[in-house]
Amino acid sequence: MPPPARSATLAPDHSRDGNGVDDEMTATVRAAPEAVVSAVGLAKVYGQGETRVTALDGVDVAFGRGQFTAIMGPSGSGKSTLLHCLAGLDTVTSGRALIGGADLTSMDDDQLTRLRRDHIGFVFQAFNLVPTLTALENITLPMDVAGRQPDRELLAAVVDAVGLGDRLGHRPVELSGGQQQRVACARALASGPRVVFADEPTGNLDSRSGAEVLGFLRRAADEIGQTIVMVTHDPTAAAYADRVVFLADGRVVGELGRPTADRVLERMKRFDRRGS
Amino acid sequence: MRRLALRSLAAHKGRLAMTLAAVCLGTAFVAGTMLFSASAERAGLDTRRRTDVALRVTDAGDGRLRRSAVDELARLPGVADADPVVSGPGSLLGPDGTAVDDAGGVTSWADSQRFALTTGRAPAGDAEVALSGPAARASGARVGDTVRLLRGGSRHQATVVGVYAYRALGDEAPPAMAFQEATAQRLLGIPGQVTAVDLVAVPGAGPADLAGRVQAAVPGATVIDGAVPGATLIDGPAANAEARDRRVAEARTLRTALLGFAAIALVVGGFVIANTFSMLVGQRTRELALLRAVGLSRRQLRRMVLGEAAVVGLLGGLAGVAVGHGLAVPAVRLLGDQAGPATVAVSWPALVAPLAVAAGVTVLSAWAAARRAARTPPVAALRGQIGATPGDTRRRTIAGLALAVPGIAVYGYAALTDQIDEQVGTVGLGGAALLILAVVVLAPGLCRLLLRPLAAPLARLGATGRLAAGNAARNPRRTAATASALMISLSVVTGLAIFGHSVKRHTVAGVRRDVAAPLVVQPAGRGDAAIPQAEVEQLARVPGVRAVAALRYASLPLRAGPLATQAPATVTDPAALGTALRLEMVAGTAGDLAGGVFVSADLARRYGVSVGDRLTIGWPRGGERELTLAGVYQGSSLVTGLLLPQSVALPQLEETGAFTALVALAPGADEAAVRAGLERAVADRPGLVVRSRAEYLDNELRGADLILGVLYGLLALAVVIGILGVVNTLALSVVERTREIGLLRAVGLTRGQLRTVVRAESALIALVGGVLGVAGGYLLGAMFQRAALRTGLLEAAVPVGQLALALAGLALAGVLAAAWPARRAARTDVLTAIAAE
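Protein chains in written order, with this note's numbering: chain A, 248 to 523; chain B, -17 to 819.
Hints were generated in silico from the structure; no laboratory data involved.
The beta carbon of each residue, even a glycine, is placed where N, CA and C say it ideally should be.
Just so you know, not all the hints are guaranteed correct.
[What the hints assert, rightly or not] Per label pair, the in silico range of CB-to-CB distance:
(1) A:Ser322 / B:Arg357: 49 to 55 angstroms
(2) B:Leu794 / A:Glu281: 48 to 54 angstroms
(3) B:Leu787 / A:Gln396: 34 to 40 angstroms
(4) B:Leu431 / A:Ala403: 33 to 39 angstroms
(5) A:Gln358 / B:Arg357: 47 to 53 angstroms
(6) A:Ala403 / B:Leu787: 44 to 50 angstroms
(7) B:Leu383 / A:Gln358: 42 to 48 angstroms
(8) B:Thr379 / A:Gln396: 39 to 45 angstroms
(9) A:Asp357 / B:Ala698: 57 to 63 angstroms
(10) B:Gly427 / A:Met354: 28 to 34 angstroms
(11) A:Val292 / B:Tyr694: 40 to 46 angstroms
(12) B:Arg430 / A:Asp407: 29 to 35 angstroms
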């Protein structure tokens, strides 16, 4: 596990190395890149006394630049909690959550809000889009909210990748579930965030739409070197990632590079057997 | 069933807070009105009056009778007792030397039913006075104090020896000071004379018997020494009954008017209630579907929702009755008689009726929501679609047009016809009401149309502005219902503002045109007595006065050919035309009044009469008189209807007091000197004031402003309820949009930005209601002023500045209304919101 990276600023960083875009081998090339997101001894405890539940129990993990990581684990393993803590949506009981070297645990609500707005992209399982805004307005929402002009090139590339064509001016209700999730991914990417967090982005989709969304994320990692952290329970989805981190009972219990669906499934079975 | 309804209420009690407040306020208005009017009615019935007087004899001429008449009258058969009464003006002065408010009138003490001593004793010496309870309270004088009074321009002193409660006969104004008879005569400057004789009948004799005998005695003028010819006989019991009836009728008229305003508040509240229940039902789709799935019938679901509404209505109603009672108590204390303030007359109808109204309005308003709840398909439990409302816009459009078309037709007719009068005006106002109703029905579509231009400035706020505009437009029906509540209240306010503004402009123009006199003498306030003819003549005798046009008003039966109607009439002195009062003649010349009667232009048009016609005018004191229509003039707020010369009409009127006396100056007279002279002449009549023409105009306008102010105050409640509706809609919307708010916070909307979104949405809704309300109000106000002033529709004076200010204020109120919902939205926890089902 790589140690927390040297400190980096939170300024938007568009100076990506144009060369990480070539083939499947890049995953290994990036096996130890500088960490964009990391958790250090991260613990999260809900409730007190009798009802005390430890969701995260000292998690140490780092996600390198340009890496597409899947977090897997059985229900209750703490994978969603980890995502929420790393994304500044939830508070941490102890330990540190770092994005680009900045410690989220020391930020107040306004600072966290700004961090989410400017440096983090989100894709949730459902209800990702504001129903009153068009697809395009949804995509540019974080920038609009910040009062910032979008990076035209990046926006054009992202919008093009969504493949909505003339439906960009439509409201979410007029789009299919898969289209909606692709728009959500585009929104997450369009502001050029340091990291995109995706929480079961294909959980509500049929397999074909799911594949389209995952392919979209994959291309983002490949073509623009986007760092992506995705929580999923679907081995097929995890197979799109460069790396899979396995969580159980609030701890990191394993890791897999260059995953395939079969290998992931096999690992999962092993954990299940070990756990039982 | 019942348990379900109650549990559901308990679960949503937070969301019902605004609805409860709306019901409570509307009910408070109803309850307060009913309690107050019932108390006023009771106070009118309970006011202690003289019951022993069968007949009061006064003189119609100078108002005086010889003292000897008392004995003559006492000797008449059937008369048990004849009490002399000496009454006249005079005012009690406070410690600071100025007249004490509402403490005027000098009278003679008598050991009769007129006086009931509360403390002290009757005045016996020449410098002793007894004060009425209110006068003592207002001046702060107590038994043993020395008080001063002003009478006939000179000051007098007297020692207070007693305080009394006065029992009036009929509508007689209770005098503030009572002296020995001789002292009263001396103060009033009528030694050896009385102003009235009260006759007490022997058992078995009634007022009619006595009246017959008094009248029979009149031909033998020697008996009564010529004082009684022209005597006015007042039937005591009848006068009391009349006074009582008048008080009751006034209380009932007031009740009707106030209930009208309460109805507006209730209608506005109805929109708030309807919206709340509609939103609650929408939010509970899953729960309702589940209930359907487990076997509740549609009927049961409908009853459950209506049951909830009934409970909300009753709870709000109970609170409203309590609040209304609280409001009525201080108001009722202003009523009452000499013995003390009135108390609240708590009656079952005044308590139960508002409750029934509250429950009824709430259930009715929730009806549509209940029906929608009953239509929830059981399968919705699985789909869990929240707040999806199928819009049957076509039916709405048809219904809206069905209202709008006759509305336009009727309104257009009333706007264009040249036969404008009250009836046509009422029809026109009905047309305006139909149109406003049509706007309510068509509101969702209209909202969509209006939101675009109104939201345009929000674009400058960027994403937050866009979000706010989107939220306002998202559910046009909800926005429309919320805006409609505001619209209705604002329509009435705007209509009133336009009407008031038009009336004021009309008044100004009329006064500038008609009042030639530089000075005006008037009763100072509304309660002050009018100027009797004797005082008018006194004014005319002031040096430097050329003519006095005293204006009296009456309503007289009028016949002209086939026409038979009750016509408004003004009575004045023809000699003052041109100098004090200027008339704009349409036909004939002002000098012709002495020989006939004038008619205002709009009455002439309405009645179809013209110069040369013979008009038969009926007199209040009986009889009638045929007069030639000698001229047609342009009416104003000062001179209206028939214009009659006072030499013909004055002796025939019941109410001969003038409310305005226009004083013209002789050539070369100094205005300041004449004014001083007039002020000296009215010095002992604190109820009268001398005003310059400009002051007079100011005062007229101030009066209009005062009335408008009271009406605005009454309407403010409806506006407040409308704004509560905005709070309500926003609060429920925020609850409904929890997930969306969570999403927005997750992608980086700050709390401040989120608050801006809610505030901007609120201001937008308020503005939509405001714009529609101003439009509706214009329809109402323009027609109202047209009917009242007989002008064209477009001549309505629109107080543009005021209305713009009102709209800006409404937008601000919208922002303030959003405070609580915005805080709630900003406090939304991102994670729970995202996780929320």
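For each hint, the structure was consulted:
1. A:Ser322 / B:Arg357: 49 to 55 angstroms: 38 angstroms, violated
2. B:Leu794 / A:Glu281: 48 to 54 angstroms: Roughly 52 angstroms apart at Cβ, these two residues keep to the hinted range, so it holds.
3. B:Leu787 / A:Gln396: 34 to 40 angstroms: Because 38 angstroms falls inside the window, the suggested range holds.
4. B:Leu431 / A:Ala403: 33 to 39 angstroms: 35 angstroms, holds
5. A:Gln358 / B:Arg357: 47 to 53 angstroms: Hint holds: Cβ distance 49 angstroms, inside 47 to 53 angstroms.
6. A:Ala403 / B:Leu787: 44 to 50 angstroms: Holds, at about 48 angstroms.
7. B:Leu383 / A:Gln358: 42 to 48 angstroms: 56 angstroms, violated
8. B:Thr379 / A:Gln396: 39 to 45 angstroms: 43 angstroms, holds
9. A:Asp357 / B:Ala698: 57 to 63 angstroms: 39 angstroms, violated
10. B:Gly427 / A:Met354: 28 to 34 angstroms: 47 angstroms, violated
11. A:Val292 / B:Tyr694: 40 to 46 angstroms: 60 angstroms, violated
12. B:Arg430 / A:Asp407: 29 to 35 angstroms: 33 angstroms, holds
In the structure shown, a violation is registered for the earlier hints numbered 1, 7, 9, 10 and 11, in ascending order.
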